[in-house]
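These are the residues of each chain, in order.
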Amino acid sequence: MLAALLLTACPGEVGKDPAEILYVSDVNNYRYSGAIGLGSQAVRLGTDVRFDWSGLTTDIQGHGMEPSEVTTLWLIWFEYLESDELADLLVCNDVAQSDANAIASVDVTGTSAMMSELTVVENPFSPEKYFVYETGTWFTRVTTGSANTRMMGVLAPSAAETNTDFGFHGDLSTLTVDANLSDLTAVTVNGNAEGWTVDWSTLLDGANADGCDPTDVSDADQFWLARYDGKAVADLEAAFLDLELEADAIYTGAGGGITAMDLSTLTNPDDGSAFSGFQSGELWLAALRCTFCENPAPIFLTVLNVE
Amino acid sequence: MAFSLLLLVLGCPSGDSTKPDDTAPSGDDTGGTTIPGQGDIGSLTVSSSDSMSTVLTVEFDTTEAATCQVVLGPSAGEYRYATAPDPEPVTSHAFLVPGFPAGVDYHWRVECEFESGDQSSPDAEYRARSAPGGLPDYDIEDVDLGASAGGYRIVPWMGEAQGGFLVVNAEGELVWWHETDEGEVALSVHQSPDGLGVYWNINDAFRETDISTIEYARWDLGDTRSIRTEWAHHDFALLPDGAGFTYIMADIRETQGETVVGDAIWRVELDGSNPREIWNGWDEIEEPNFRGCRPTFYPFACDWTHANNVYYEPGEDAYYVSFHEYNSFVRLDGMESGNTDWFLGSIEPVDYEPRSANDEFVHQHGVKPWPGEANTYVLFDNGSGNAGDTSRVVRVTHDGRNSYEVSWEHDFGDRYASILLGDTDPVGEDLSNTLISWGSEGIVTEITESQETVFRLNFGLGAAAGFVEWLPTMGGPI
Numbered sequence: 001m002l003a004a005l006l007l008t009a010c011p012g013e014v015g016k017d018p019a020e021i022l023y024v025s026d027v028n029n030y031r032y033s034g035a036i037g038l039g040s041q042a043v044r045l046g047t048d049v050r051f052d053w054s055g056l057t058t059d060i061q062g063h064g065m066e067p068s069e070v071t072t073l074w075l076i077w078f079e080y081l082e083s084d085e086l087a088d089l090l091v092c093n094d095v096a097q098s099d100a101n102a103i104a105s106v107d108v109t110g111t112s113a114m115m116s117e118l119t120v121v122e123n124p125f126s127p128e129k130y131f132v133y134e135t136g137t138w139f140t141r142v143t144t145g146s147a148n149t150r151m152m153g154v155l156a157p158s159a160a161e162t163n164t165d166f167g168f169h170g171d172l173s174t175l176t177v178d179a180n181l182s183d184l185t186a187v188t189v190n191g192n193a194e195g196w197t198v199d200w201s202t203l204l205d206g207a208n209a210d211g212c213d214p215t216d217v218s219d220a221d222q223f224w225l226a227r228y229d230g231k232a233v234a235d236l237e238a239a240f241l242d243l244e245l246e247a248d249a250i251y252t253g254a255g256g257g258i259t260a261m262d263l264s265t266l267t268n269p270d271d272g273s274a275f276s277g278f279q280s281g282e283l284w285l286a287a288l289r290c291t292f293c294e295n296p297a298p299i300f301l302t303v304l305n306v307e
Numbered sequence: 001m002a003f004s005l006l007l008l009v010l011g012c013p014s015g016d017s018t019k020p021d022d023t024a025p026s027g028d029d030t031g032g033t034t035i036p037g038q039g040d041i042g043s044l045t046v047s048s049s050d051s052m053s054t055v056l057t058v059e060f061d062t063t064e065a066a067t068c069q070v071v072l073g074p075s076a077g078e079y080r081y082a083t084a085p086d087p088e089p090v091t092s093h094a095f096l097v098p099g100f101p102a103g104v105d106y107h108w109r110v111e112c113e114f115e116s117g118d119q120s121s122p123d124a125e126y127r128a129r130s131a132p133g134g135l136p137d138y139d140i141e142d143v144d145l146g147a148s149a150g151g152y153r154i155v156p157w158m159g160e161a162q163g164g165f166l167v168v169n170a171e172g173e174l175v176w177w178h179e180t181d182e183g184e185v186a187l188s189v190h191q192s193p194d195g196l197g198v199y200w201n202i203n204d205a206f207r208e209t210d211i212s213t214i215e216y217a218r219w220d221l222g223d224t225r226s227i228r229t230e231w232a233h234h235d236f237a238l239l240p241d242g243a244g245f246t247y248i249m250a251d252i253r254e255t256q257g258e259t260v261v262g263d264a265i266w267r268v269e270l271d272g273s274n275p276r277e278i279w280n281g282w283d284e285i286e287e288p289n290f291r292g293c294r295p296t297f298y299p300f301a302c303d304w305t306h307a308n309n310v311y312y313e314p315g316e317d318a319y320y321v322s323f324h325e326y327n328s329f330v331r332l333d334g335m336e337s338g339n340t341d342w343f344l345g346s347i348e349p350v351d352y353e354p355r356s357a358n359d360e361f362v363h364q365h366g367v368k369p370w371p372g373e374a375n376t377y378v379l380f381d382n383g384s385g386n387a388g389d390t391s392r393v394v395r396v397t398h399d400g401r402n403s404y405e406v407s408w409e410h411d412f413g414d415r416y417a418s419i420l421l422g423d424t425d426p427v428g429e430d431l432s433n434t435l436i437s438w439g440s441e442g443i444v445t446e447i448t449e450s451q452e453t454v455f456r457l458n459f460g461l462g463a464a465a466g467f468v469e470w471l472p473t474m475g476g477p478i
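First to last, the sequence lines map onto chains A and B.
Just so we're aligned, residue 1 is where the first sequence starts under my numbering, counting upward by one.
Just so we're aligned, residue 1 is where the second sequence starts under my numbering, counting upward by one.
Hints in this document: simulated from the structure, not taken from any laboratory.
Cβ atoms here follow ideal geometry from the backbone N, Cα and C, with glycine treated the same way.
Each hint should be verified, as a subset may be incorrect.
[To be verified] Listed next, the stretches of chain A that the computed footprint assigns to chain B, with coverage defined by at least 3 CB atoms under 8 Å from CB atoms of chain B: (1) 91-97; (2) 108-118; (3) 246-259.
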């Protein structure tokens, strides 16, 4: 069995070149600058605010969604952060647990929930007792699962305010990403190789986000590969937040705890089909993603040009 | 099989690509490798754990009996960490060597003490695989290796509905990790006395059902066990000399027309046999008025005493148990007898009310004797959770009755108030430093006696810190 595998993996088959290792490092990585604009709504201080996401049909990345996709409502009080400071930390995935004074959440099934339904470590969150501070930032978000943020915003509590509703909608907050894929060193791929392995063992912690501290490469938990037919790199830069929607094929694999990926092990997340190889002339993107990070921008992303 | 395939692919000619020069051997490359010894230290057989590549097994012989250990560090000659040594001189040696940082090139060697003098094997290099994704994000700052206790720190973490623990070295590099299943938390973790593995408790994250166990894993995951501990919660003590465990148990009773959770202290053998009660709060603390109480913490019952830590002090043969809802702790005399010696702190039940002038500590955690100072105890004073009442670490000196004074305090700043968890441990060779878990603030610090911070770990949003433990060494002779 071992000998058979060895023969299969090594060069010598008619019409195929040897298997190829694609070493990628920092020169191959994209750069980007991101910004989050946190929208706020005034609500009455100390009251049981009603959160409503029935009108949330576009998420913060501009993608269409159903309000019923929301599974969790969150309310977090950052006593010592102003809204713009928090937005900068969110962009850089740099919010610390100690920045938050209280983290309240509730799993939901409908399209609205009352503040009093929230719990802090399973203890009831009492609006009359806790939602009594006008200082700092009362941050709220709705997620699918525990980490996939669909929309976020800020409550601006005031004793003088009469409104007691907070509505999530597609324009509440904005996420913008200005990505540069043109200045990276693209990776040339031999489309006639027997197989391909991407090796990022020399990739340093990601310093590719303007204004942010380096991102820990080990945060990556997914390897992501996508093909784009009839598109140029400039098209992908312009549609950066839609890279998943624009792709003609996507293959993924678990990317945590490793520094190399044998591309033959990747599968299409929709139908489970395996990655079957590159063809000459194709344009692909390869990325390392952190699926649990606040900012969905990949930790590493590069362009693969197939010859 | 997947890894074997990868090796085979890597072993083939690599086409036009150029392999970088600085790649080091990765996690599984050393399976059964033999590397040269030196002097009276024979050749070393080295293998790595496929399940946890930060752990090596090293076997070798010495020509004469010697006491050996394995040391490791970031560069040749800079070996900052070590396994426990052989307990006595022998000629055949085998060591389990955890402590290699994930994804980092690291150096190690064997050091032996012969009757004729000290000898070491040549420096060797190893790089464990990177850590898996999904572990809580953290950063490290304020590291002062010269002033810190060195060694390793076990740092449990608790998210919204899941937990686990990390083991980091004194520089904050990740060397071991465990993530619980969804709906479970692990707040208390102890290295086994032989240094070869780790025990941790498992509880229901939502306190709805009894799933409590104490788990064991050898560092290389070559041996795992599970011990059932009914309704155990929060904390357990690993008793010396293989005497088993002592743990806090939720004792649920119907009283005054209400369902109420009190606390008992139970003991069980290492293999899970002979579980027995050694102390019960229902017998020792006067019941307050429960009528009309509302469920808190436990969704099905009123929470009464809320014990949150149990610590066994071998030198005194005594336990210390802290009660969150009483702003007090108790000393229990005797590992098996568990007789109430005294309570210290408020003897009235409390709620999250402003700290009164008489409350030197509130909702405290991590109570234990402070070494070298008689009748003095260190604890994490959570504070009331009200604005301005922040958390701190205090040492209180007890006069033998229900009177005490604060003899030392450490305030981390006016913004840090942990509403849950927290811990303190004396650490370092002379136990003069203090390792602190700031609980729900998601921060772990180590401070010197003069309160200089020499280690700080900050969790990213979503992870509180559990009960921390310092390990001067990891691993040892098998």
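Earlier hints that do not hold, by number
2
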